[in-house]
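Residue numbers (the working numbering), protein chains in the order written: chain A, 1 to 257; chain B, 1 to 278; chain C, 1 to 297.
Some hints here could point you the wrong way.
If you want the footprint, here are the derived chain A segments under chain C, 3+ residues with CB under 8 Å [to be verified]: (1) 144 to 158; (2) 222 to 230.
Examples of chain A residues toward chain C, derived with CB under 7 Å [as the list claims (entries may be wrong)]: (3) Ala-128; (4) Cys-161; (5) Val-191.
What the hints contain is simulated information worked out from the structure, not anything from laboratory work. We treat Cβ as the ideally placed atom computed from N, Cα and C, and that holds for glycine.
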Amino acid sequence: MSAQVHRENVVLQSLGQIGSCGLFLLRVLAAVPRSLRHVRETVRQLWFVGAMSLTIIMTCGLFVGMVLGLQLYHVLAIFGGTSASGSVVALSIYRELGPVVTALLFAGRAGTSITAEIGLMRATDQIAAMEMMAVDPIAYVVAPRFLAGLIAMPLLCCVFCAMGIFGGHLVGVSWLGVDNGTFWSNMTSTVDVYQDIINGVIWKSVGFGAVCSLIAVFQGYTTAPTSEGVAYATTRTVVASSIAILALDFILTAFLM
Amino acid sequence: MTDPVLAKPDERTLVRIRGLTTVLSGKTVFDALDLDIPRGKVTAIMGPSGTGKTTLLKHITGQMRGDAGQVWVDGFNVPRLSREQLFTLRERIGYLFQNSALLTDFDVFENVAFPLRQHTSLPEVLIRNIVLTKLQAVGLRGAASLLPTELSGGMARRVALARAIVFDPMLILYDEPFVGLDPIALHQVLKLIRTLNETLGITSVLVAHELEAIKQVADHVYLIANGKVVAQGNPKTIADDGSPWTRQFFGGESDGPVPFQYPADDYAQALGFKEGIA
Amino acid sequence: MSQRKSYAVGTGMFIVLGFAALVYLATQTSSIANSHQGASYTVDAQFANIGALKERAPVKVAGVRIGQVQSISLEPGKDVADVSLSIDKKYAQIPADSVATIYTSGLLGDQYVGVQFGNAKNYLADGGHIGLTKSTQPLEEMLGKFLGGGSAADAIGGTYNVKASFTNVGALAVGAPVKMAGVAIGSVTDVKADPVKLDATVTMSIDKKYNQIPDDSAAAIFTSGLIGSQYVAIQPGGSPNSLKDGDQLVLTQSAVQLEDLIGKFLVSGSSSGSNANNGGNNNPAGNGSSNPNAGKH
Chain A
1 MSAQVHRENV VLQSLGQIGS CGLFLLRVLA AVPRSLRHVR ETVRQLWFVG
51 AMSLTIIMTC GLFVGMVLGL QLYHVLAIFG GTSASGSVVA LSIYRELGPV
101 VTALLFAGRA GTSITAEIGL MRATDQIAAM EMMAVDPIAY VVAPRFLAGL
151 IAMPLLCCVF CAMGIFGGHL VGVSWLGVDN GTFWSNMTST VDVYQDIING
201 VIWKSVGFGA VCSLIAVFQG YTTAPTSEGV AYATTRTVVA SSIAILALDF
251 ILTAFLM
Chain B
1 MTDPVLAKPD ERTLVRIRGL TTVLSGKTVF DALDLDIPRG KVTAIMGPSG
51 TGKTTLLKHI TGQMRGDAGQ VWVDGFNVPR LSREQLFTLR ERIGYLFQNS
101 ALLTDFDVFE NVAFPLRQHT SLPEVLIRNI VLTKLQAVGL RGAASLLPTE
151 LSGGMARRVA LARAIVFDPM LILYDEPFVG LDPIALHQVL KLIRTLNETL
201 GITSVLVAHE LEAIKQVADH VYLIANGKVV AQGNPKTIAD DGSPWTRQFF
251 GGESDGPVPF QYPADDYAQA LGFKEGIA
Chain C
1 MSQRKSYAVG TGMFIVLGFA ALVYLATQTS SIANSHQGAS YTVDAQFANI
51 GALKERAPVK VAGVRIGQVQ SISLEPGKDV ADVSLSIDKK YAQIPADSVA
101 TIYTSGLLGD QYVGVQFGNA KNYLADGGHI GLTKSTQPLE EMLGKFLGGG
151 SAADAIGGTY NVKASFTNVG ALAVGAPVKM AGVAIGSVTD VKADPVKLDA
201 TVTMSIDKKY NQIPDDSAAA IFTSGLIGSQ YVAIQPGGSP NSLKDGDQLV
251 LTQSAVQLED LIGKFLVSGS SSGSNANNGG NNNPAGNGSS NPNAGKH
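Just chain A, with the same shape it has in the complex:
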């Protein structure tokens, strides 16, 4: 009985969270025009959220591409189709792994730091201080981070994909001896710009960027102003972002493919 009540509470709480997250999105979007006055702040956040994530994104992209090259080579070798490894590596990266892995890494690297930063600003009264200095914290703190995430994600995803292709090429061509020309010609004949790159890479990662940064700023902004509250909010950012990314991935794949 009490377990059921508890479960209902969890469901209601989750719904409440989603609802207030949606309302928060409206507030952020309403503040975006005002935040354009703080372009500098957006640029600064783009540096922290985007440029600082490049190392992890590039390293992971390289390894994902290399693993794919290796795995797919051995599967394709069974059918004597190793020449197709270029196209299979490219399609797997563009359609799924690129956007999803980039978004998961982004949630772990940038999302948590956004949440922790805003949460600490809340806990140390910096948000209240801005209110008192007649500066809207949504426009000055939240919107620039949201925009930075929105802009950074597709760019990071492109870098990830390029590194992945490079890694796949490294393993497939340089190591396992797939013909260089075949690798590229197979890839170029199967990859479609609109279907795979615009829909697969760009739109998906824009969607992921919006969701990840919204969750990060929301958790940070609404955190309980204590050290436990910040820690808890950071954890929730990763959990909620991961679930949201994979669920949204399914929806976007169904609509875009």
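Could you slot chains B and C onto chain A? The hints should help.
Using the frame of chain A, we list chains B and C on its own:
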């Protein structure tokens, strides 16, 4: 009946609170509170912990709104102001947070320059001059390039004070400015509050517990308890006005109008010495 | 201030890097790399079976790309696929009597249109038509030819919900396409075993557009490629009457078990499917013995 938004500013009173009633999660914080803060004076607000002194400051700045009553600040009825009007009013109010609330992203100079950069498009030279003047006033011009994490508590509070006065406000609210300061830093802050008040004529409101410090700096003291003003007067003489509240608060007695025991059921019954229904 | 400038520079570099990566992906790894098409002209060709040919598939002469497939359509009432080819203006001098053939790059690769030049003095122009075509050949047909035409389709009849019985459906599943001349015209809605006749009854629903299929058409279960999924191919008969709803396709060609075929065919027991395939294409008589690897076993 709707409350008016604007009134003619009073010549002598900057902040006028009338019938302020606030209930927070079932607890009555203010019960028809009336309070006046005179222009150009230093007013101290004291009271036992949990009586809503900080909450009162938040009502003055519009960060919180009461359930009833009026809060007039320089002719504006704060609870009725729109967000834009409130922001305009806040540009003329300085607020010193208990923990300074410096922006950790910026160094001391940028922290003090922050309000200027946000609300004006002054040339860089002018901003530099204003900021250095304010930093000089709090004695920290040499610390301009330090980060907030490199400052001691007292220094951080002085930087926050420099930031609060960068627009030459008409009113500064100090939230517990003496907490956690060593005697030297405490006297530095005391001196600053006094100097700012005397040289710039800034009206100051400070929330504090330290009677000795308040005696040195304040012109008027309000003692708040149970959501009402229970005593007021000159800080040097208020302790002797004979009311039980002042006797307990300033005399430091553990029991009195503010009970030692948090309200509870009958002690003997809780321990089981008394039969259920006596 | 200098701190701020370094953010701006770093962020600028990040944005440039991101866009450079995007441009690289879009231009170097996608079909845009192939379709640096300037002016082009369009010709069309009819194929009896286009197999797995897709739009934007390459058109090649002597293995070199000269253009791409622009569109594939099936005119209602006809059983040939219209394929229009967009060819680069550079390659304007293609003889009018050239032959268009659908090839597969390798055993598992994608299909493309190959053009072999004829001898005519006049060339194909925009809107022109390639009269001579060779369609793709489903693997089963090629293998069937080896076996002396033993599994060639006979005549049958059927309609919109059309039924057909097969002795073996192989891996045919509900939802598998029903194709005519290689173009999907419907899908399989039900596959059931008949407890009395001990064979499989397949129900297909066919698009109403295609209501002029002769009622003596044949149904065959083919596999797209060597490891592709199976589908039902309708091979039109010559009857003046069209298929109606509820009709039964009387004669069918069941799924061919690749292992059976190859086992029967290659007496030596060498099991290279690709060699059997190549042999079938070019030289049915000199089949298995031409496999150099087989001798080494």
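Hints, one by one, checked against the model:
no. : hint       : verdict
1   : 144 to 158 : holds (count 6)
2   : 222 to 230 : violated (count 0)
3   : Ala-128    : violated (25 Å)
4   : Cys-161    : holds (6 Å)
5   : Val-191    : holds (4 Å)
Hints 2 and 3 from the earlier list are contradicted by this structure; the remaining hints agree with it.
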